[in-house]
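With the hints as your guide, set chains B and C onto chain A.
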Amino acid sequence: MKETAPNPFINGLWRQNPTFVQILGMCPTLAITNSVQNAIAMGLATAFVLICSNGLIAAIRKHVPKQVRIATYIAIIATAVTVTDYLVKAISISVYKALGPFIPLIVANCLVLERAEGFAAKKPVIPSMMDGAGMGLGFAFGLTCLGTVREVLGAGTFLGIHLFGPNFEPWVLFLLPPGGFISLAIWLLIFASYRERKDRRERARAALLTVQPAEAQS
Amino acid sequence: MSGTTIIEVRTSPHLHGPMTVETIMRHVIYALLPIAAFFSWHFGLSAALLLAVTTAGCVLAEHTACRLSGKRSTVNDYSAAITGLLLGLTLPPGLPLWMAVVGCLVAILPGKLLFGGLGSNVFNPALVGRAFLQAAFPVAVTNYTPGLAANRFVEFIPSTWAVPLMKPAPLNDWLAKVAVDGFTGATPLAMQKFDHIYSELGPLLWGLGPGSLPGCLILLCGAYLVARGMMDWRITASMIAGAAATGGIFHLVNPALYPDPVWVVFTGGLLLGATFMATDPVASPVTPRGMWIYGLLMGVLTVLIRNLGGLPEGVMYAILFGNALSPLIDRLTPPRPYGARKAQVPQ
Amino acid sequence: MTGTTTKSTQMIRFLGFVSLLCGVLIVGAHVASQSRIRVNQEEILRESLAQLLPGMTRQVIYIVTPTGELTPAASGESSDKRIFAGFDAGGKFLGVVLEASERGYADVISAMYAYSPASKTITGFSVLEMKETPGLGNKIGSDPEFLANFKALDTTHPVAAVKHGKKTNPWEIDAISGATISSRAVGRMLAASVQEMAPIIARHRDRIERGN
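Going down the list, the sequences are from chains A, B and C. Straight run, no breaks: the first sequence in the numbering used here ends on number 218. Straight run, no breaks: the second sequence in the numbering used here ends on number 565. Straight run, no breaks: the third sequence in the numbering used here ends on number 777.
Bound-form chain A, shown alone:
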């Protein structure tokens, strides 16, 4: 396998997907994915926070004294979250009500601090913002996957559109907290088995490549 530096955007969106690979930020993942709309709104809000905080932190990264770096990051993240809070309220009060306390709680999402410490503190502004966008959209993708399962089974709708007609029997469980855990498990299973299969294929190919030169020598 070649070891080039991965594109920070694709890296967050897929290879290091926060939900399915890093399993970060589980609190909002489980709590507010009971509809696709909530999942998308929460994902986008988090993505916005990530882009802002990563960009700002990368811009001042050379001046941050090491001892107070976490305090600095948290202050900047909290600012980005507060701004997002106002923004969501200004865009739609009904979305704001649906997301409830989880917008302010983005500040406690470990994903945001992890990207600040793990990426933005070492890289220039543009790649950091790309990383924030990739991770944020990857997070939004993960939430949407969960939200889809939960809304389709729990209410028979997708983005509020009825899929099965008015007679659908909703699986109430999927709108309740256990439904979050169950659908997360289903998706993790799917992604893990996909990764395992891919790894096995790549190992087989690598084995093939190492065997062939030896055969040529003999």
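No lab work stands behind these hints: they were computed from the structure. A quick note: this is a predicted structure, and the numbers were derived from the prediction, not measured. Beta carbons are placed, not taken as given, at the ideal position from N, Cα and C, and that holds for glycine. Any given hint could be a false lead.
As a list, the in silico DSSO-like pairs of lysine-lysine whose alpha-carbon atoms are at most 27 Å apart [said to hold, decoys possible]: (1) C:646 <-> C:696; (2) C:696 <-> A:97; (3) C:572 <-> A:62; (4) B:385 <-> C:696; (5) A:198 <-> A:122; (6) C:646 <-> C:657; (7) C:696 <-> C:728; (8) A:66 <-> A:123; (9) C:716 <-> C:731; (10) A:123 <-> A:198; (11) B:385 <-> C:728; (12) A:122 <-> A:66; (13) C:657 <-> C:696; (14) C:685 <-> C:646; (15) C:716 <-> C:696; (16) C:572 <-> A:89; (17) C:657 <-> C:685; (18) C:685 <-> C:716; (19) C:732 <-> A:97; (20) A:89 <-> C:716; (21) C:716 <-> C:657; (22) C:728 <-> B:395; (23) A:66 <-> C:572; (24) C:716 <-> C:732; (25) C:731 <-> C:657; (26) B:395 <-> B:385; (27) B:385 <-> C:731; (28) B:289 <-> A:198; (29) C:716 <-> C:728; (30) A:123 <-> C:696; (31) C:731 <-> C:685; (32) C:657 <-> B:395; (33) C:716 <-> C:646; (34) B:395 <-> C:731; (35) A:122 <-> C:572.
DEER-style ranges, computed between Cβ atoms [claimed, not checked]: (36) B:289 <-> C:710: 49 to 57 Å; (37) B:528 <-> C:589: 46 to 54 Å; (38) B:470 <-> A:166: 48 to 56 Å; (39) C:733 <-> B:388: 19 to 27 Å; (40) A:71 <-> B:528: 44 to 52 Å.
Just chains B and C, lined up with the frame of chain A:
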């Protein structure tokens, strides 16, 4: 793929009991058959079909899953069939069949095979399936239809044939036709809890009330297994004792609000649960002292959930909770080695 | 990063700078979004009022003081007891909307209802916030059969919920089958609220209907 070993190397003892897992499981099925027959007679065609579907569903689910993961099918040990029968017996007879199939899949796949199959399941699989259904379809799973309807051997309960994923049709017309006076769809427990109406005890003993199986028949079938040495009576006895004692205390404190102990024992799923589900040999403790603790705990919990919780029935949750605690109970109650005194128990 | 030799003064200066930056950003966002947020909030309020009082275009908000007097309030931002008086385009008085809350099955249910001081009936009901079980209890906000209870619910007798299909009197609420606990909470909520508010409204009826 063959998983058979030719020579087994083991430490002593090398004694073999005459009873294998298959034999015991087969006899459990024998013991369940009279209950299943009564259930079918009492509720008619729909109930018989429900039992057939849950049993076949569990067996097929286990067989297919084993095949897909490249292992030998384990359905020959009869445990999947037991799970299916028990699941069917805990469901209302008019439950849409597609929901019953969902229950089978949940019972067998995450409830049993995910933990490693028979011998490794933490919870009783039938109750896992039932708990899922209860949480997913709370209305359908608590909607009991009257037994002994006149046309029960000719006609299905209409909700049985609901289209998959769709709501069952309302039963009002059918209920009007079978014309059971004053039937509200509530089980004796629900009526007692929410409206403080007591059903007569007599029919409950013989299983003629709605929504519960005959207590005497269940105890008789359990006694058969105990007599054959295939079931330990301690769990059943202690669970019933725990429930009766707790129910008795509640009854003494406020007789108007809480039913008397005999009523507590013979209503709902307590006897079926205590006899056939709490005694699941995999998910229950193995030490005699542990069994007493486990049974008493579940009995107490059942009554606490019934009397103080929001639901009329608590057996299912009590047993699942007991299952979860049973490894801990086993650890806390190690049997004393033969000949050892308390002070001499080796570290 | 400047390494381990950073002095305290430097750190304090840096944190001061970061706080200043953050403060400026937050205040900026607050100022920029404030007017839009207020417009949104008022729109939501007007929408939910208009749902209960069809044809409403203008509302007057009163705050009830602890002594039972009314003071007109400018906006909807308040945690006090409020009375919303609704008027149509021609200035005709349509009725008042009141807020009420009560413990339901899962958490507190808060709701709004329309009340007609002339006929002493409840003419509409809508749930603002609840955590009742989806598919069962949460039908109190959507079930058309249940909401039909509130077309003309008599309040001269204490309001109460009765089992599904057992409604015989104009002051009774026909509960949702399978959601009796949530339905009864609605009954208790309305009974308590009407008992408290109806005398106040009756005392100030002229003023409320004039809208000043």
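Evaluation of the provided hints:
A distance of roughly 23 Å separates the Cα atoms of residue 646 of chain C and residue 696 of chain C; the hinted pair therefore holds under the 27 Å criterion. Straight-line distance between C-alpha atoms of residue 696 of chain C and residue 97 of chain A comes to about 13 Å, which keeps the hinted pair within the 27 Å bound. For the suggested pair residue 572 of chain C and residue 62 of chain A, the alpha carbons sit about 16 Å apart, so the restraint of at most 27 Å is met. Annotation: proposed proximity of residue 385 of chain B to residue 696 of chain C holds, straight-line Cα distance about 23 Å (limit 27 Å).
A distance of roughly 31 Å separates the Cα atoms of residue 198 of chain A and residue 122 of chain A; the hinted pair therefore is violated under the 27 Å criterion. In summary, the hint linking residue 646 of chain C to residue 657 of chain C is supported, as the alpha carbons are separated by about 24 Å, within the 27 Å threshold. Between residue 696 of chain C and residue 728 of chain C the CA atoms are separated by roughly 22 Å; this keeps the pair inside 27 Å, and the hint holds. Between residue 66 of chain A and residue 123 of chain A the CA atoms are separated by roughly 16 Å; this keeps the pair inside 27 Å, and the hint holds.
The straight-line distance between the Cα atoms of residue 716 of chain C and residue 731 of chain C is roughly 18 Å, inside the 27 Å bound, and the hint therefore holds. With a CA separation close to 30 Å, the supplied pair residue 123 of chain A and residue 198 of chain A exceeds the 27 Å bound. The hinted pair formed by residue 385 of chain B and residue 728 of chain C meets the criterion: a straight-line CA distance of about 23 Å does not exceed 27 Å. For the proposed pair residue 122 of chain A and residue 66 of chain A, the alpha carbon gap of about 12 Å is at most 27 Å, so the pair holds.
A C-alpha spacing of about 36 Å is found between residue 657 of chain C and residue 696 of chain C, which places the hinted pair above 27 Å, so the restraint is violated. Between residue 685 of chain C and residue 646 of chain C, the direct Cα distance comes to roughly 20 Å. Compliance with the 27 Å bound is thereby established for this hinted pair. Note on residue 716 of chain C and residue 696 of chain C: the hinted pairing holds, with a Cα-Cα distance of about 25 Å set against a maximum of 27 Å. Between residue 572 of chain C and residue 89 of chain A the CA atoms are separated by roughly 41 Å; this puts the pair beyond 27 Å, and the hint is violated.
The straight-line distance between the Cα atoms of residue 657 of chain C and residue 685 of chain C is roughly 18 Å, inside the 27 Å bound, and the hint therefore holds. Between the alpha carbons of residue 685 of chain C and residue 716 of chain C the distance comes to roughly 12 Å, so the proposed pair stays at or under 27 Å and holds. With a CA separation close to 35 Å, the supplied pair residue 732 of chain C and residue 97 of chain A exceeds the 27 Å bound. Distance check on the hinted pair: residue 89 of chain A and residue 716 of chain C sit about 33 Å apart at the alpha-carbon level, beyond 27 Å; violated.
Distance hint between residue 716 of chain C and residue 657 of chain C is fulfilled; the C-alpha atoms sit about 20 Å from each other, no more than 27 Å. At roughly 23 Å between alpha-carbon atoms, residue 728 of chain C and residue 395 of chain B fall within 27 Å of each other, so this suggested pair holds. For the hint pairing residue 66 of chain A with residue 572 of chain C, the CA-to-CA distance comes to about 11 Å; that is within 27 Å, so the pair holds. Restraint check for residue 716 of chain C and residue 732 of chain C: satisfied, since their Cα atoms lie roughly 14 Å apart, inside the 27 Å limit.
Proximity of residue 731 of chain C to residue 657 of chain C is assessed by CA-CA distance (about 37 Å); at most 27 Å being required, the pair is judged violated. Straight-line distance between C-alpha atoms of residue 395 of chain B and residue 385 of chain B comes to about 21 Å, which keeps the hinted pair within the 27 Å bound. As the CA atoms of residue 385 of chain B and residue 731 of chain C are separated by approximately 25 Å, the hinted pair is consistent with the 27 Å bound. In summary, the hint linking residue 289 of chain B to residue 198 of chain A is supported, as the alpha carbons are separated by about 23 Å, within the 27 Å threshold.
For the given pair, residue 716 of chain C sits about 19 Å from residue 728 of chain C by alpha-carbon distance, which is consistent with the 27 Å threshold. Annotation: proposed proximity of residue 123 of chain A to residue 696 of chain C is violated, straight-line Cα distance about 44 Å (limit 27 Å). In summary, the hint linking residue 731 of chain C to residue 685 of chain C is supported, as the alpha carbons are separated by about 23 Å, within the 27 Å threshold. Using a Cα cut-off of 27 Å, the hinted pair residue 657 of chain C and residue 395 of chain B is violated, with the two alpha carbons roughly 52 Å apart.
Restraint check: the Cα-Cα separation between residue 716 of chain C and residue 646 of chain C comes to about 24 Å, which is no more than 27 Å; the hinted pair holds. The hinted pair formed by residue 395 of chain B and residue 731 of chain C meets the criterion: a straight-line CA distance of about 21 Å does not exceed 27 Å. The straight-line distance between the Cα atoms of residue 122 of chain A and residue 572 of chain C is roughly 22 Å, inside the 27 Å bound, and the hint therefore holds. The beta-carbon spacing between residue 289 of chain B and residue 710 of chain C, approximately 52 Å, falls within the hinted interval of 49 to 57 Å.
For residue 528 of chain B and residue 589 of chain C, the hinted distance range of 46 to 54 Å is satisfied, since their beta carbons lie about 51 Å from each other. Our hint of 48 to 56 Å for residue 470 of chain B and residue 166 of chain A holds, since their Cβ atoms are close to 51 Å apart. Separated by about 23 Å at the C-beta atoms, residue 733 of chain C and residue 388 of chain B satisfy the suggested range of 19 to 27 Å. Between residue 71 of chain A and residue 528 of chain B the beta carbon distance is about 46 Å. The supplied range of 44 to 52 Å therefore holds.
Taken one by one, the earlier hints fail for this structure at numbers 5, 10, 13, 16, 19, 20, 25, 30 and 32, listed in ascending order.
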